[in-house]
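Take the sequence shown: its letter number 129 is residue 128 in numbering that gives the first Met the number 0, and every next letter is one higher.
Hints listed in this document are in silico derivations from the structure and should not be mistaken for laboratory results. Be a bit skeptical, because a hint or two may be false.
Here are the in silico distance ranges between beta carbons for each label pair [what the hints assert, rightly or not]: (1) 467 <-> 92: 19 to 29 Å; (2) 401 <-> 463: 46 to 56 Å; (3) 130 <-> 637: 56 to 66 Å; (4) 362 <-> 401: 29 to 39 Å; (5) 412 <-> 782: 41 to 51 Å; (6) 432 <-> 464: 13 to 23 Å; (7) 178 <-> 294: 21 to 31 Å; (8) 185 <-> 343: 52 to 62 Å; (9) 782 <-> 294: 50 to 60 Å; (10) 637 <-> 4: 16 to 26 Å; (11) 296 <-> 178: 43 to 53 Å; (12) 4 <-> 178: 50 to 60 Å.
If you're wondering where the values come from, they're calculated on a predicted model, not measured in any experiment. Just so it is clear, CB atoms sit at the ideal spot from N, CA and C, and this is done for glycine as well.
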Amino acid sequence: MSKASYDPRATEAKWRAVWEKSGIYKTSKDPKSPFYNLVMFPYPSGNLHVGHWYNFAPADTLGRFERMRGKDVLQPLGYDAFGLPAENAAIKNGIPADEWTDKNTASFHDQYKILGGMYDLDRIINTSKPDYYKWTQWLFLKLYHAGKAVRRDGVVNWCPSCQTVLANEQVVHGECERCGTKVERKNLKQWYLTITDYADRLLEDLDELDWPERVCQQQRNWIGRSAGAHLEFKVYGADGTLEVFTTRPDTIFGSTFMVVAPEHPLVADLITEEQRSEVEKYQQWAGTRTDVDRMEAKEKTGVFTGGYVVNPANAEKIPVWVADYVLMGYGTGAIMAVPAHDERDHAFAKKYNLQIIEVITNQDKASEPYAGDGVMQNSGQFDGLKSPEAKKKIVEWLHKGGFGKATTNYRLRDWLISRQRYWGAPIPIIYCEECGVVPVPEDQLPVVLPLGQEFDKSGRSPLHTHPDYVKATCPKCGNTNARRETDTMDTFVDSSWYFLRYPNTQYQDGAFDPEAVKTWLPVDRYMGGVEHAILHLLYARFIAKFLYDAGLIDFQEPFTKLINQGMILGPDGNKMSKSKGNVIDPMQYVEKYGADAVRLYLMFMGPWEDGGPWDPQRFEGTYRFLQKVYGTISAQYEPNVIDATSETALDTSLHKLVKKITEDLESTRFNTAIASMMEYITLLTKVQRASDVSVELWREHVQTFVRLLAPFAPFLAEELWQELGEEESVHLEAWPTFDEAKTRDELVTIAVQVNGKLRGEFVMEAGKLPGAIEDQARGLDAEHNWTHGLQVIKVIVVPDRLVNFVTAH
Numbered sequence: 000m001s002k003a004s005y006d007p008r009a010t011e012a013k014w015r016a017v018w019e020k021s022g023i024y025k026t027s028k029d030p031k032s033p034f035y036n037l038v039m040f041p042y043p044s045g046n047l048h049v050g051h052w053y054n055f056a057p058a059d060t061l062g063r064f065e066r067m068r069g070k071d072v073l074q075p076l077g078y079d080a081f082g083l084p085a086e087n088a089a090i091k092n093g094i095p096a097d098e099w100t101d102k103n104t105a106s107f108h109d110q111y112k113i114l115g116g117m118y119d120l121d122r123i124i125n126t127s128k129p130d131y132y133k134w135t136q137w138l139f140l141k142l143y144h145a146g147k148a149v150r151r152d153g154v155v156n157w158c159p160s161c162q163t164v165l166a167n168e169q170v171v172h173g174e175c176e177r178c179g180t181k182v183e184r185k186n187l188k189q190w191y192l193t194i195t196d197y198a199d200r201l202l203e204d205l206d207e208l209d210w211p212e213r214v215c216q217q218q219r220n221w222i223g224r225s226a227g228a229h230l231e232f233k234v235y236g237a238d239g240t241l242e243v244f245t246t247r248p249d250t251i252f253g254s255t256f257m258v259v260a261p262e263h264p265l266v267a268d269l270i271t272e273e274q275r276s277e278v279e280k281y282q283q284w285a286g287t288r289t290d291v292d293r294m295e296a297k298e299k300t301g302v303f304t305g306g307y308v309v310n311p312a313n314a315e316k317i318p319v320w321v322a323d324y325v326l327m328g329y330g331t332g333a334i335m336a337v338p339a340h341d342e343r344d345h346a347f348a349k350k351y352n353l354q355i356i357e358v359i360t361n362q363d364k365a366s367e368p369y370a371g372d373g374v375m376q377n378s379g380q381f382d383g384l385k386s387p388e389a390k391k392k393i394v395e396w397l398h399k400g401g402f403g404k405a406t407t408n409y410r411l412r413d414w415l416i417s418r419q420r421y422w423g424a425p426i427p428i429i430y431c432e433e434c435g436v437v438p439v440p441e442d443q444l445p446v447v448l449p450l451g452q453e454f455d456k457s458g459r460s461p462l463h464t465h466p467d468y469v470k471a472t473c474p475k476c477g478n479t480n481a482r483r484e485t486d487t488m489d490t491f492v493d494s495s496w497y498f499l500r501y502p503n504t505q506y507q508d509g510a511f512d513p514e515a516v517k518t519w520l521p522v523d524r525y526m527g528g529v530e531h532a533i534l535h536l537l538y539a540r541f542i543a544k545f546l547y548d549a550g551l552i553d554f555q556e557p558f559t560k561l562i563n564q565g566m567i568l569g570p571d572g573n574k575m576s577k578s579k580g581n582v583i584d585p586m587q588y589v590e591k592y593g594a595d596a597v598r599l600y601l602m603f604m605g606p607w608e609d610g611g612p613w614d615p616q617r618f619e620g621t622y623r624f625l626q627k628v629y630g631t632i633s634a635q636y637e638p639n640v641i642d643a644t645s646e647t648a649l650d651t652s653l654h655k656l657v658k659k660i661t662e663d664l665e666s667t668r669f670n671t672a673i674a675s676m677m678e679y680i681t682l683l684t685k686v687q688r689a690s691d692v693s694v695e696l697w698r699e700h701v702q703t704f705v706r707l708l709a710p711f712a713p714f715l716a717e718e719l720w721q722e723l724g725e726e727e728s729v730h731l732e733a734w735p736t737f738d739e740a741k742t743r744d745e746l747v748t749i750a751v752q753v754n755g756k757l758r759g760e761f762v763m764e765a766g767k768l769p770g771a772i773e774d775q776a777r778g779l780d781a782e783h784n785w786t787h788g789l790q791v792i793k794v795i796v797v798p799d800r801l802v803n804f805v806t807a808h
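Using the sequences and the accompanying hints, generate a full structural model.
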């Protein structure tokens, strides 16, 4: 007889208290088999939303699984707490950014416990606290002293109202997303980290990673290594040269005009008086557009400078145009335009009636312009050569003439980390009239961010006008009129190394404990969204390689295995967003169904890597499943008549279930693992009604099932384990094992016939599809030549019985 229905709210509250008191999830101080199971830490934007749970709950299931398999698991969580959203909230709500952040992290902390995860909350990291960002500043100084943190001019998006640099993502239709002011393009001195020094290693080491291929490919594309040539075009009638990089030097004879970015410094030398007004007007217009706007614009625009350069291949004078589709931040900021063999150049040439010369034969005239290989034409002494061969010969010829050389170029640019914002890690630099740029000594860290700051109507960072912060003493000469850097660091600097801090968050002698890092790192499994492919993940790899070169860690890649979860969409099918009003708070469902049901729903809704729309009606299914599990397993079992056949069938089903769930968890197929458990609990319910297996076998099966359930629904599993009379926690139990022999399906003998006459037979598992049976029979036929010299016109397959090859007579 089953007990009353399961009450998840009371049960989950009870076990949360027990687990916290017992310290069951504390990380081992002396791990024998360390396993670092890490989920990307969240930004504390208010309450945990269902997207957070979609990452944390399945990640916790995997951590619990590894723990039951004998691993000492490190599974921490924290807060990526600096950033622009806190500033925007502070400005909007009239509260200090630190107060808003602290309120949210407290809310997150409570919900971490409600989730039922085995996260070690003694190892919380908060990037906005001085005990953490002290070491972010230390990392900056290490980079600075190694020549990897540099200050130089750079073209940026600038909001004149907010008085700050904006990322491309913060510019909407050419306006600041916060205040709506028209954004300007401005040349400012900014701090950069020279990630380009590591371009080759970042690219080549991708081949060694157990990462999703789409992430690796995104990083390859972002790094963008391409072999080609740097070519020099002399300015016509004046000194100077215009340099370009091209991957197609074989097309140089077809270059009929040049295009430079509006910001290119040579524009001033090329521009003629007749064109000055028009060019300057165009430059001003282009300066309001972000790089993203310019790259994505469908219609190409431009203005003739009035100047010319000389094509070194044929000495032809060709015009130079200014166009915003060429970016100063990519390559040299100039291109040789070959309209016959480049779609973008072709559209530009057609629009402005510029010359088009075909220099590579295009056999398929339907494709215009033609960007493939072919035979050279209209190319002087190189006519008749195949274009790949001509590439090398043309570069060698131009190099002898002093007009170019073979080289490798990269799309990757140095990492701009300066932010004219308040809520971020201060850059530890002092500017002195006598000494210039002076780094803050390490023993004076942290440079503390003043708290409780209020913003004026402009939204400008209050650091600019904070006298106690800005005024500094030069640590080099003692000048008391020195000025502190008021820029703060990009928040991706905070997250580029945080995984090194978790193994010992109390370590005071450095950013990370070398012995603890040696024990736990690199991260065994890292989980998070694919949207971080070319930002966080690339930066973390760069910092790891830098620290390795500095002799501070003994590995170059921080994350051994990467898993990307999909994205939970709102009920309307769109990305969840507060502005759209479609964000889901999981707490309303926890109140009604319990945390276990929410966890199961998130893992059962489909493949984890796919994500999908939120459908609360499906909660009923996982909730009923948990109720059914409780009712079946908590009921008293009394056997009637023992049936040996039933016992064998049940035992086989259990071994298959253990194998299935084990393999599914290894492949993060949570949905199919849960489906298997649902099928099995239905089987157990039937056995319970039939009462035809022994008490011992029944107890063995329900105990094993509870252990399988434990990583998925930790609260219910703990409750059932106690009701089964066990005193220790189920989460300290070992993962069930299976007998491979007992997982094999029934074997059948398949007869092989040719025109109805028996020729042979083979054995295979029952229930195979006809195609698989036919393939096996064809393999046997090929081995014995039963149909040799005959034309097979039909194959008849009777599943589990025979295959008959029918031939033409």
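Q: Determine whether the Cβ-Cβ distance between residue 467 and residue 92 falls within the hinted range of 19 to 29 Å.
A: Since residue 467 and residue 92 have Cβ atoms about 25 Å apart, the given range 19 to 29 Å holds.
Q: Just tell me: holds or violated, for the beta carbon distance of residue 401 and residue 463 against 46 to 56 Å?
A: holds, 50 Å
Q: Could you say whether the range 43 to 53 Å given as a hint is met by the Cβ separation of residue 296 and residue 178?
A: violated, 24 Å
Q | Outcome for the supplied range 50 to 60 Å, where the beta carbon pair is residue 4 and residue 178 | A | holds, 55 Å
Q.
Between the beta carbons of residue 412 and residue 782, is the distance compatible with 41 to 51 Å?
A. The hinted range 41 to 51 Å is violated for residue 412 and residue 782, with Cβ atoms some 60 Å apart.
Q. Measuring from beta carbon to beta carbon, are residue 637 and residue 4 in 16 to 26 Å?
A. Since residue 637 and residue 4 have Cβ atoms about 22 Å apart, the given range 16 to 26 Å holds.
Q. At the C-beta level, are residue 362 and residue 401 separated by a distance inside 29 to 39 Å?
A. Given range 29 to 39 Å: holds, Cβ gap about 36 Å.
Q. Falls inside 21 to 31 Å, the C-beta gap from residue 178 to residue 294?
A. Holds: the Cβ-Cβ distance is about 25 Å, inside 21 to 31 Å.
**Q.** CB-CB spacing for residue 464 and residue 432 relative to the 13 to 23 Å hint
**A.** Holds, since residue 432 and residue 464 (Cβ atoms, about 20 Å apart) stay within the stated range.
Q: Mind checking the hinted window 50 to 60 Å against the Cβ distance between residue 782 and residue 294?
A: This hint holds: roughly 59 Å between Cβ atoms.
Q: May I ask you to test the hint 56 to 66 Å on the CB atoms belonging to residue 130 and residue 637?
A: holds, 60 Å
Q | C-beta pair residue 185, residue 343: status relative to the range 52 to 62 Å that was hinted | A | Roughly 27 Å apart at Cβ, these two residues miss the hinted range, so it is violated.
Hint violations for this structure: numbers 5, 8 and 11, all remaining hints satisfied.
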